[in-house]
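Protein chains: 2
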Amino acid sequence: MSQPQTAITPTREQDFPEWYQQVVRAADLAENSDVRGCMVIKPWGYGIWENMQRALDGMFKATGHKNAYFPLFIPLSYLAKEAAHVEGFAKECAVVTHHRLESDGKGGLRPAPAAQLAEPLVVRPTSETIIGATYAKWVQSYRDLPILINQWANVVRWEMRPRVFLRTTEFLWQEGHTAHETEKEAREETMQMLRVYETFARDWLALPVFTGEKSAGERFPGAVETLCIEAMVQDRKAIQAGTSHFLGQNFAKASEIQFISRENKHEYAWTTSWGVSTRLVGTVIMAHGDDDGVILPPRVAPEQIVIIPITPKPEMRDTVLPACDALAAELRKQTFSGEPVRVHVDKRDLGGGVKSWEWIKKGVPVRVEIGLRDLEKGSVAVARRDRGHKEKTFPATGDFTSGIAALLQEIHDSLLDRATKLRDAHTVKLETKEDFVAFFTAKNPNKPEIHGGFASAHWDGSAETEAEIKEQLKVTIRCIPFDAPHEDGKCVWSGKPSARRVIFAKSY
Amino acid sequence: MSQPQTAITPTREQDFPEWYQQVVRAADLAENSDVRGCMVIKPWGYGIWENMQRALDGMFKATGHKNAYFPLFIPLSYLAKEAAHVEGFAKECAVVTHHRLESDGKGGLRPAPAAQLAEPLVVRPTSETIIGATYAKWVQSYRDLPILINQWANVVRWEMRPRVFLRTTEFLWQEGHTAHETEKEAREETMQMLRVYETFARDWLALPVFTGEKSAGERFPGAVETLCIEAMVQDRKAIQAGTSHFLGQNFAKASEIQFISRENKHEYAWTTSWGVSTRLVGTVIMAHGDDDGVILPPRVAPEQIVIIPITPKPEMRDTVLPACDALAAELRKQTFSGEPVRVHVDKRDLGGGVKSWEWIKKGVPVRVEIGLRDLEKGSVAVARRDRGHKEKTFPATGDFTSGIAALLQEIHDSLLDRATKLRDAHTVKLETKEDFVAFFTAKNPNKPEIHGGFASAHWDGSAETEAEIKEQLKVTIRCIPFDAPHEDGKCVWSGKPSARRVIFAKSY
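These protein sequence lines map, in sequence, to chains E and W. Note that the first sequence covers residues 0 to 507 in numbering that gives the first Met the number 0. Note that the second sequence covers residues 0 to 507 in numbering that gives the first Met the number 0.
Okay, chain E solo, but in the shape it has when bound:
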């Protein structure tokens, strides 16, 4: 049987994890560095992250937050205090023990023994403790509240099995940290930021997500409540794409964030934290990519349109290139999503086919080809990345330009629609343990094949059941959906009574 020819080998169906690695490479998004677990984010990958940042930053500011910056290093004693308070505290951290290098006498360098730190410093895995210690100084009275701050930063969590973008030792993220006078206000903030993430995922990344609460077993250590957005990618696994934590007064107590209330009493503040990271880039690739490479939602694509001059003979360049530049200039006058349309004219001295395949693999939403014949006809050849690579339309140039925002929106909508259909097709109500086990069991255990999906099933609410399922099937409760109605049923695993369904899945 002949294989359909695709730009990426293997295909998603053949080997999804390997397909992902190959797509990242083919699109020039990122690569592994010589530092185990740390990636180099290349310009195309970083451009996606920059667009995500800009959009999120605007949404954070529109909801009253300001950015600030806290130290990279956290004194070991801060984490020791947290570890004493918090079960499940993660200990895989990069630890700084020396502050100077010296010659090792053999032509190399070593940490200078004389420059050993009295107290080791930990490279922040998250900034709760150092921000908590800072807020404790800032907050005296209820008048100092709320504090609504976000930080864009790098964080480090030592990873034994790194996977580019999805799980890396160093990654980039934002972490919001807020402190409030009342529980109600803090809970509202937690929910507000989850809704910001949900909106961002839908409107910018074309990702439909389940929103809900984490079970106790999956909560952020120390949180009272962890809310999350969960996306399904094309191997039908879940990716936790963003979290928003209501921390109650737990962290305020650990950090002594106390204030004099309106009633003139000493009270602990109510805090929240919320974050998304560069794993969103990996999520977008896994959710939308096809066997030809990345497919970028237009709002986060570093370039939304690429214009490829078709000049089989060198002398055609003088006519075709200026026409391409003129079209680019017209397109840049158009706006999409409040910003000028991003257009690139690929003038490299390479064949049109080579260039076209490169941009297909990189996932640019719209490719335009212009040759002499197109100029004569006053039209352009347009290909959409969300359609097959041979499918083209030939609109008049003016119509194409004036319709570009609508076209980009149409592409966004089609990606969202496709991802929604995939998710809905593989979100299945299951009632019996037998069906549940079958759903999550690969037919060929030697092959990382695509199977399963999201199981909407009853759970008895016990940690024991949750732990058993995780151990036996590597399946976890992704969330208890906000919109899950009360429904009497029996736990799919234990058969015990249950009041509502939760979402089970394998996950990254």
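Source of the hints: derived by calculation from the structure; they are not laboratory data. Fair warning: this is a prediction, and the values are worked out from it, not measured in the lab. Each hint should be verified, as a subset may be incorrect.
[Claimed, not checked] Straight-line C-alpha distance at most 27 Å; calculated DSSO-like pairs for lysine-lysine:
{"no.": "1", "chain 1": "W", "residue 1": "K442", "chain 2": "W", "residue 2": "K428"}
{"no.": "2", "chain 1": "E", "residue 1": "K60", "chain 2": "E", "residue 2": "K236"}
{"no.": "3", "chain 1": "E", "residue 1": "K360", "chain 2": "W", "residue 2": "K346"}
{"no.": "4", "chain 1": "E", "residue 1": "K90", "chain 2": "W", "residue 2": "K105"}
{"no.": "5", "chain 1": "W", "residue 1": "K183", "chain 2": "E", "residue 2": "K346"}
{"no.": "6", "chain 1": "W", "residue 1": "K65", "chain 2": "E", "residue 2": "K332"}
{"no.": "7", "chain 1": "E", "residue 1": "K252", "chain 2": "W", "residue 2": "K105"}
{"no.": "8", "chain 1": "W", "residue 1": "K346", "chain 2": "E", "residue 2": "K183"}
{"no.": "9", "chain 1": "E", "residue 1": "K60", "chain 2": "W", "residue 2": "K65"}
[Claimed, not checked] Rough simulated footprint, nothing fancy, chain E against chain W, three-plus residues with beta-carbon under 8 Å:
{"no.": "10", "region": "33-43"}
{"no.": "11", "region": "95-105"}
{"no.": "12", "region": "127-134"}
{"no.": "13", "region": "206-214"}
{"no.": "14", "region": "357-364"}
{"no.": "15", "region": "488-500"}
By construction, the Cβ of each residue, glycine as well, lies at the ideal position given by its N, Cα and C atoms.
For chain E, the structure is supplied; the task is to place chain W on it using the hints.
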């Protein structure tokens, strides 16, 4: 003798270093953290940095650069290789030696001995080595050049005497790293980026700077040529505000960045690097601030205008507040420097005087007060931060709104003019050693008083003379100005022949 009343104690004249600390505190820009040498950049300070970043980022992109991201950690062996190549390699680094914490059995934590790294990692003090190793993989042929990349990142250099913004263990910066086919192209890039910095300093920060080359003794270790912008601040010391390095083939040789040339030969690439950091925030404060606090150049001010409702009686709020909001809305429709004007309405339940002083200390360029009387007259009370705090004008509201961009530009121009006059008044041609020593010697050595400035003087070009001056006076050659004409003279220190003047100063 009675002191003039100012918001900041001490005044600049009384104790400039302490004035600086107090201004940073009064404006809520930043504070020291519990991690020695690491600062917390508070929202007002970070907002200034964000505006700087946005402007610079646009200028980098307009000159063809793209952003990327490289690992925080650098293998020790990379630095060992560099140290072998480079004299003056800085060894004050944070060194990561462990990747896990464990309980110390006494309720605390310690680095887990079993998790010691085979090779220590250094927190990047700058990214030349790891970027060089990466470029070596990316570059095969001349077709892969140029590489024009910038990184926004945090870096760490252990500081024994930290000073907020100006010299901190961790700081934020950008580092451009480019690789080129030819020496000429790399030299042009080095100069182009210096000109970007010069333009940015003048047009965004209202800072006049000297541009020129560093002497060999002041060069970045390993560079062939270091170009710099040098600003004078109000204690007449110099601050190196940005550098652009032509690295020749030195780093390419150390990192093996080789390519097949057009002539089909193996050649080493020509590289550059260039950077500015959060020290620019400190420079702006020291250059423009007065005895009432910070004065922000309008283009980098987080808020350009603050509107203060004057409502001595609570019942006035219903009339005055909506009028303030309406004015803010009108102002936001105006643009300055290509962006909507940034306006804040301060509705807090505090007296107008208290609020006014707070914004004076924070350095907001324009303060507007609106009370019932102003509404009746259809005018507003306007105070400029670059003028005395009692000086007000009372334009008609419409005139104020339509003239806001011109007013902000006028404030920018007046700050630049003032800084230029200060610099020119204290840049002095000196001919004799006696005058030179007197110029740089405090009249009262027990008091960190303001004295000296920039000396434009002849230098014999020798490292010995440079070192002697540095040792005896703590004065360094800030730059050999680009525009210094050929001029026969005698070295101000040694009396030996010299062909041109250089700029000497004390510096931060």
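Structure-based check of each hint:
1. W:K442 to W:K428: Distance ~20 Å between W:K442 and W:K428 Cα, so the pair holds.
2. E:K60 to E:K236: violated, 32 Å
3. E:K360 to W:K346: violated, 52 Å
4. E:K90 to W:K105: Answer holds: E:K90 to W:K105 is near 16 Å, not above 27 Å.
5. W:K183 to E:K346: Cα-Cα ~24 Å, so holds.
6. W:K65 to E:K332: holds, 22 Å
7. E:K252 to W:K105: holds, 22 Å
8. W:K346 to E:K183: holds, 24 Å
9. E:K60 to W:K65: holds, 25 Å
10. 33-43: holds (count 8)
11. 95-105: Held - the region 95-105 of chain W has 8 residues with a Cβ nearer than 8 Å to chain E, which meets the minimum of three.
12. 127-134: The restraint on the region 127-134 of chain W holds, since 3 of its residues have a Cβ under 8 Å from chain E and three suffice.
13. 206-214: Since three or more residues must qualify, the claim that chain E covers the region 206-214 of chain W is violated, with 0 doing so at under 8 Å.
14. 357-364: violated (count 0)
15. 488-500: violated (count 0)
Taken one by one, the earlier hints fail for this structure at numbers 2, 3, 13, 14, 15, listed in ascending order.
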